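Asker: What follows is the residue order along each chain.
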Amino acid sequence: MGATAAGQPAIVVRDLGIRYNLRLTRRTTIKSSLPGLLRRGGDGAPKHFWALRHVGFRLDHGESLAIIGPNGAGKSTLLLALAGILEPSEGEIQTQGRVSTLLTLGAGFELELSGRDNIDLAGAFLGVDHREMAALTPSIIEFADIGAFIDAPVKTYSTGMKARLGFAIATAITPDILLLDEVLGTGDQTFRARSQARIRELIGRAKAIVLVTHDLAYVTEFCNRAMLVERGQIIREGEPGEVTELYRQRVTERKLLAETEGQRFAEAPAAAG
Amino acid sequence: MTGPTTEALAPPLVKAARRSLLSLALEGFRDIVQRQRLIRYLVGADLKRTHVDTLFGQLWWIFDPLLQMAVYYVLVSFISTRQIPDYALFLFAAVLPWKWFATTVNDATMSVVNRQSLIRQIQFPKVVLPTAAVVAGTLSFMIGLIALGIVYLFFLDRLSPWVLLLPVVAAVQFVFTLALAIALSACNAFYRDVQNVMRHIVRLWFYLSPGLYSLDHIGHGTARTILSLNPFAPLFESYRAITWGMGPPQWLGLLWVLALSVLLLILALALFKRVEPAFARIL
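So the sequence lines, in the order shown, correspond to chains H and E. Heads up, the first sequence is in my numbering, so the first residue is 234 and it goes up one at a time. Heads up, the second sequence is in my numbering, so the first residue is 5 and it goes up one at a time.
For the record, the hints were derived by calculation from the structure and aren't laboratory data. Just so it is clear, the structure is predicted and the values come from calculations on it, not from any experiment. Careful: at least some of the hints might be erroneous.
[Unchecked claim] To be clear about the criterion: a stretch of chain H counts as covered by chain E if any three or more of its residues have a C-beta under 8 angstroms from a C-beta of chain E, and this derived list gives those stretches:
(1) 296-302
(2) 308-320
(3) 356-363
Ideal Cβ positions, reconstructed from N, Cα and C, are used throughout, including at glycine.
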């Protein structure tokens with residue numbers, strides 16, 4: 234793994250754009266999309282939505298990048314694209330080394346299977362060699378700290394247990410690039426401390442980390458770089474302290490703007506009347 | 005960007021270029037071969053999940069076709085005056101393979117949609133999902149063969165060495181089912197109407213296939229010609245020939261269904277690989 238030494242690029246993103254087709258979105262049936270299909274090339278409503286556009290950055294091994302921004306800014310879309318789950322509509326992404334995603338913990342678990350079987354299943358989904366997975370299993374079980382429950386069906390687990398097992402699996406396979414989406418806050422106090430220690434360890438082993446979070450405290454604590462994303466574009470990229478400060482400012486500004494707008498609307502009818 | 009270090013990077017992820025049908029199909033086939041372990045785990049999970057809350061569990065794979073045969077037996081005895089000797093065995097030759105086909109097509113159609121949360125979280129070849137559904141259905145079919153053994157206890161004089169060819173006929177049905185399963189699971193991701201429509205199509209399909217009757221009962225008109233184009237005509241007639249008729253299967257018919265199935269499978273794999281990148285966007 235000499236190729237993943239610190240200072241080498243782990244992720245290079247060039248002019249990335251991700252476009253959603255608004256005609257084929259969630260839970261469509263033919264009836265609901267029929268008008269759109271008939272109107273093909275026609276008038277009015279936009280058919281596409283650019284969740285990300287003209288995004289470019291580079292992340293080296295050993296760095297950890299926080300992506301912050303308001304809801305719907307495109308943060309999670311960016312993470313999905315880095316994971317290879319969403320295909321770029323334009324531009325390109327290059328990654329070096331094994332990418333592991335920890336987007337929502339334990340969502341892929343089979344409830345009828347035991348924790349142990351789910352470790353195997355997760356390994357197979359992630360494409361990890363089964364001998365490697367077998368070697369990792371004891372440490373996963375130990376880290377997840379669910380004791381004898383490991384041989385019970387996952388449907389008997391508490392939310393916290395599922396989250397711990399998910400975290401243990403995703404971080405056990407020592408990814409070169411770890412993608413995290415709002416997961417550091419899971420579990421109780423002790424597990425939180427241990428998961429944070431694990432993240433620090435991964436950072437220390439010259440692994441690259443991209444973290445999406447709303448908790449600005451994590452940004453300054455865990456990351457050496459930060460990126461502010463709004464409406465699918467990078468607003469600022471740099472020191473965590475500086476970027477979070479800018480984000481706070483913009484949030485306050487927007488709040489003020491919304492308040493004054495609200496007042497104007499509230500006053501308008503009164504003035505007219 | 006600083007020069008030479010980027011050379012160590014993996015090939016870039018970019019918007020996939022349009023590719024030829026065969027190269028897409030080949031990649032789909034490679035996905036299935038390379039992820040056998042994943043398919044095996046998914047099949048195990050599938051078998052564990054079905055019938056988990058029933059008293060008899062997996063035994064339902066044996067009871068269910070027997071009960072279904074009983075229902076058809078009673079029904080047909082009432083409405084038809086024609087006497088077919090050993091009709092229970094005659095029926096069973098079609099009921100068991102059909103249960104395999106109908107359940108599998110149903111499960112496979114939903115297989116991609118049912119994993120939508122995972123598809124948005126892990127990058128893996130999605131074609132393993134319908135494939136696993138078909139393999140799980142096939143294992144259940146094998147358990148169901150025990151029911152065939154039970155039926156044979158009552159018709160021992162109809163047992164012949166031809167019945168050993170059952171895996172050959174089943175192999176042809178497997179390829180046909182896999183092709184449909186892969187295509188339907190992809191279509192259902194875009195339009196959930198597919199799963200609703202398929203339930204009814206599958207039911208109608210059974211009555212249009214020579215399962216409760218034999219093609220010989222139809223006569224030799226246009227109706228028979230049309231009905232024999234149905235892939236399940238040679239399949240059912242072959243199952244029946246080897247289990248009930250104590251004779252050889254319809255080799256020519258099976259060959260035509262196999263050729264059709266392989267062609268469909270190539271098209272289905274190509275279709276699946278073509279739309280696969282869109283799954284994470286639309287689910």
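Asker: Look at each hint and say if it fits the structure.
Answerer: Okay, the hints, checked on the actual structure:
{"no.": "1", "hint": "296-302", "verdict": "violated (count 0)"}
{"no.": "2", "hint": "308-320", "verdict": "holds (count 7)"}
{"no.": "3", "hint": "356-363", "verdict": "holds (count 5)"}
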